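Number of protein chains: 4
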Amino acid sequence: MAKSKYEYVKQFEKNDVLLPNTWLVVRIDGRGFHKFSDQHKFKKPNDQDALNLMNKCAVSVMNDIHDIVLAYGQSDEYSFVLKKDCALYGRRETKIVSTIVSLFTSNYVFYWKNYFPQKELLYPPSFDGRAVLYPADNNFRDYLSWRQVDCHINNLYNTCFWALVISGKTESEAENALRGTISSEKNELLFSQFKINYNNLPEMFRKGSVIIRKEVDVKTTCENGMEVTRKKKVALILHDDIIGDKFWKENPTLGVII
Amino acid sequence: MAKSKYEYVKQFEKNDVLLPNTWLVVRIDGRGFHKFSDQHKFKKPNDQDALNLMNKCAVSVMNDIHDIVLAYGQSDEYSFVLKKDCALYGRRETKIVSTIVSLFTSNYVFYWKNYFPQKELLYPPSFDGRAVLYPADNNFRDYLSWRQVDCHINNLYNTCFWALVISGKTESEAENALRGTISSEKNELLFSQFKINYNNLPEMFRKGSVIIRKEVDVKTTCENGMEVTRKKKVALILHDDIIGDKFWKENPTLGVII
Amino acid sequence: MAKSKYEYVKQFEKNDVLLPNTWLVVRIDGRGFHKFSDQHKFKKPNDQDALNLMNKCAVSVMNDIHDIVLAYGQSDEYSFVLKKDCALYGRRETKIVSTIVSLFTSNYVFYWKNYFPQKELLYPPSFDGRAVLYPADNNFRDYLSWRQVDCHINNLYNTCFWALVISGKTESEAENALRGTISSEKNELLFSQFKINYNNLPEMFRKGSVIIRKEVDVKTTCENGMEVTRKKKVALILHDDIIGDKFWKENPTLGVII
Amino acid sequence: MAKSKYEYVKQFEKNDVLLPNTWLVVRIDGRGFHKFSDQHKFKKPNDQDALNLMNKCAVSVMNDIHDIVLAYGQSDEYSFVLKKDCALYGRRETKIVSTIVSLFTSNYVFYWKNYFPQKELLYPPSFDGRAVLYPADNNFRDYLSWRQVDCHINNLYNTCFWALVISGKTESEAENALRGTISSEKNELLFSQFKINYNNLPEMFRKGSVIIRKEVDVKTTCENGMEVTRKKKVALILHDDIIGDKFWKENPTLGVII
Chain C
1 MAKSKYEYVK QFEKNDVLLP NTWLVVRIDG RGFHKFSDQH KFKKPNDQDA
51 LNLMNKCAVS VMNDIHDIVL AYGQSDEYSF VLKKDCALYG RRETKIVSTI
101 VSLFTSNYVF YWKNYFPQKE LLYPPSFDGR AVLYPADNNF RDYLSWRQVD
151 CHINNLYNTC FWALVISGKT ESEAENALRG TISSEKNELL FSQFKINYNN
201 LPEMFRKGSV IIRKEVDVKT TCENGMEVTR KKKVALILHD DIIGDKFWKE
251 NPTLGVII
Chain P
1 MAKSKYEYVK QFEKNDVLLP NTWLVVRIDG RGFHKFSDQH KFKKPNDQDA
51 LNLMNKCAVS VMNDIHDIVL AYGQSDEYSF VLKKDCALYG RRETKIVSTI
101 VSLFTSNYVF YWKNYFPQKE LLYPPSFDGR AVLYPADNNF RDYLSWRQVD
151 CHINNLYNTC FWALVISGKT ESEAENALRG TISSEKNELL FSQFKINYNN
201 LPEMFRKGSV IIRKEVDVKT TCENGMEVTR KKKVALILHD DIIGDKFWKE
251 NPTLGVII
Chain U
1 MAKSKYEYVK QFEKNDVLLP NTWLVVRIDG RGFHKFSDQH KFKKPNDQDA
51 LNLMNKCAVS VMNDIHDIVL AYGQSDEYSF VLKKDCALYG RRETKIVSTI
101 VSLFTSNYVF YWKNYFPQKE LLYPPSFDGR AVLYPADNNF RDYLSWRQVD
151 CHINNLYNTC FWALVISGKT ESEAENALRG TISSEKNELL FSQFKINYNN
201 LPEMFRKGSV IIRKEVDVKT TCENGMEVTR KKKVALILHD DIIGDKFWKE
251 NPTLGVII
Chain F
1 MAKSKYEYVK QFEKNDVLLP NTWLVVRIDG RGFHKFSDQH KFKKPNDQDA
51 LNLMNKCAVS VMNDIHDIVL AYGQSDEYSF VLKKDCALYG RRETKIVSTI
101 VSLFTSNYVF YWKNYFPQKE LLYPPSFDGR AVLYPADNNF RDYLSWRQVD
151 CHINNLYNTC FWALVISGKT ESEAENALRG TISSEKNELL FSQFKINYNN
201 LPEMFRKGSV IIRKEVDVKT TCENGMEVTR KKKVALILHD DIIGDKFWKE
251 NPTLGVII
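Chains as they are written, first to last, in UniProt numbering: chain C, 1 to 258; chain P, 1 to 258; chain U, 1 to 258; chain F, 1 to 258.
Quick caveat, the hints were computed from the structure, so don't treat them as lab data.
Source: prediction; values computed, not measured.
Each hint can be trusted.
One copy or two, either will do: identical chains are not told apart, so a pair holds if it fits within one copy or between any two.
Below 30 angstroms or equal to it, Euclidean Cα-Cα: the simulated DSS-like pairs (lysine-lysine) are:
1) 207 <-> 186
2) 95 <-> 44
3) 246 <-> 231
4) 56 <-> 41
5) 95 <-> 3
Excised from the complex, chain C in its bound form:
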């Protein structure tokens, strides 16, 4: 195609290639999701359908962007991990982040009706994203541990808070009751006042969701009617602990050396 005399303006574009051989984490966060979850009447402290929709979106992103080797999500956030040697889009930061955040958002609106068949989506939700580089395996693992500990701390607090509110306390009374309490006191409060054993709550609420690719057996029926089993890599949603060594030992293809 012909070029115009204005084409020089491309020279103002910045080169934002990320350092090679470094773990890349792209985290997306719900924008204004406090209001969004109120208006869409999400269950408190956890809405299983909303979390399942988040997981569905993350799986879709992983199926589209093959350089993502792991995703970890909780609440209205999801972290996507690209391997150290990832060369996606020449490692251009804005291109990678904007593509992932757009894909996630698109899936969220697209699949909403599958997870909330009775609730209409009232307005278009949005997410923001960021990229962070981690040069060493231990920094990268600590990043994921940070998010999973955050999930635990928030969920324990929210479980107590909403139990108190549902039991008749005002929101500020609930806040005051919890101020300064440590984990063991919150566990005790749940058990003694509400007969809730925190450790029996669903793992998705307590640990978040981690998605990795695993080889599984897939059965298909051939034209001649014979059933055959083939190996296929699929994105699996787990609710495992990713802080300890066990997870990383069991998944050596992630490339983290223990």
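Once you've looked at the hints, dock chains P, U and F against the given chain C.
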């Protein structure tokens, strides 16, 4: 909330604050929209509904992000302009780009059914985004001129190409017929062979769409039944020439000095 | 030359090209010059020889790097201004900053003996440098105003401080005497106690030094003995006010529009 | 001190903090040293005094900047390595690079007379600098291997080239004679035509210089006349191979895991 020992990983986040007092353009582009428009049977060379949906999304983005003073769109791309003194999100680049691309995408899926009531959206579409800084008014205007000239060049070519294809030529025959032709030859071809006067085609196809905020009179009926007229700033979609001085003289609030 | 298998490590080099069409200021600062000036017994509050050496170095840098259009210096710092359209080293930031700081340092050691023939240089002095971009003329002018106001504020304070110390006060008594005083009080103190009219002090001390290129007449004697006058651009050291408009009106080739 | 209304211009300064926990290499290069070495009549292909002056400067830089754990030099270049956890100047890139390049330059001019007592320094030499990050030990080692292989390739070529020129060939005849030759052919040429066994040439020429800190015994005489031996860390200049594992095994404090 309690902090964990893993919190140090935040130190790896990069500061990506953009240079102050500089025009900021965020351009989003459809990802794989050649295939997307084929699969959704968009009309060639222009699908009015698809363009109107793009414009609707851009208006929604502007209604959400008040720092955007102008948007220009054509085909599957849209450029959003933030004023030189914009302080949105502390001018953090990735935050700004990811938010705009997410909002645009969300609106695209959300409003699809309004523009294509007969066509189901087959899969979630996505966009990527980038930010470019322009320090001087003339560089910034040249950026927009570059996009509008691009719109013209592509549209003239595509109008010829699809006229030839619809008339019975194969796609490669049409390509060969157009190879090396200049604008006047393409105009002549449209007129002599297809009785199409290119300049009579819809302005949206030839010039794209430019959205700015304008003060308009809004009529409202008060409680006592009286009708009052108030001034209100709304985002208006125009199909004007933005290359010449006229547009910029007529819209001095954009802050471009002629 | 042959290439080695290790050459891939060049891919880790970052692209640090600066935004085009933007004023570029490189400021160098003496490193540990408080100790350096003590050990070399610089006169207080101003050492004329030390300032002249700084100016000599700045002129040398400008004679080497032709993209520098103006330099401003005071105390142990110097700012070098490169025009908006400067394409030096492809506008690579580290290359530009490191070259300027190295040239300045080299000249400082090289020409020391010319300015301090009686004092031996005791150890190698050093400077650090930084680059700052200014997109608009007024931001760029405000940068220089900031440095010249800083020169004035520091010099007025130091003139009072050393006058008090030389008159017999201890350094902490002098500090206490000056704490909280405003400009007019410091001027009054100098005049009433020490008969110093601040405005009669050398302009280099009060305003710093600004270096620009000016066309001057240069006389040369030809082979045949005839004397001819030619125009030549040379770097001139001035001690002018660069805060007001006058300087910029008188030097339109600097490209700042008033 | 009082602040001025111009102080806002500091907001235009960019944050250039380097990624944590990553090897940082700062390489300085002589600027125009081809001409510089000609004008100062450096011996060809290697001038021992010039190389010793480079080494002296590098030791001085290391004695000043304690975060540097290793330096490697050859010809008119020197690379300084800062440990992964280095927090010097908050890891600000321009501050680190400009300080190192300034210190090196200053020492070069300052100590010139010690290495060239008979030759006056004709004009101030200068260097430029750059910073490169290496996230993994093997990338970092490959960087140093790249520079040492470069030293070997250049030195072998230059040794042949100057032997031919000294023997009476023109420079272009020497170039033609060497074009396309491989290492073994150059070794053979040196031995058969000039009786030079390349491997017997000084190691500094063939391998460059590597400087690390080592604990050595230092003898001091106390006031009472007794001689005592103390351990002290000093910067030692070696001419070792740094490509193989041996060097890294023998110097475990460098923190490279074999």
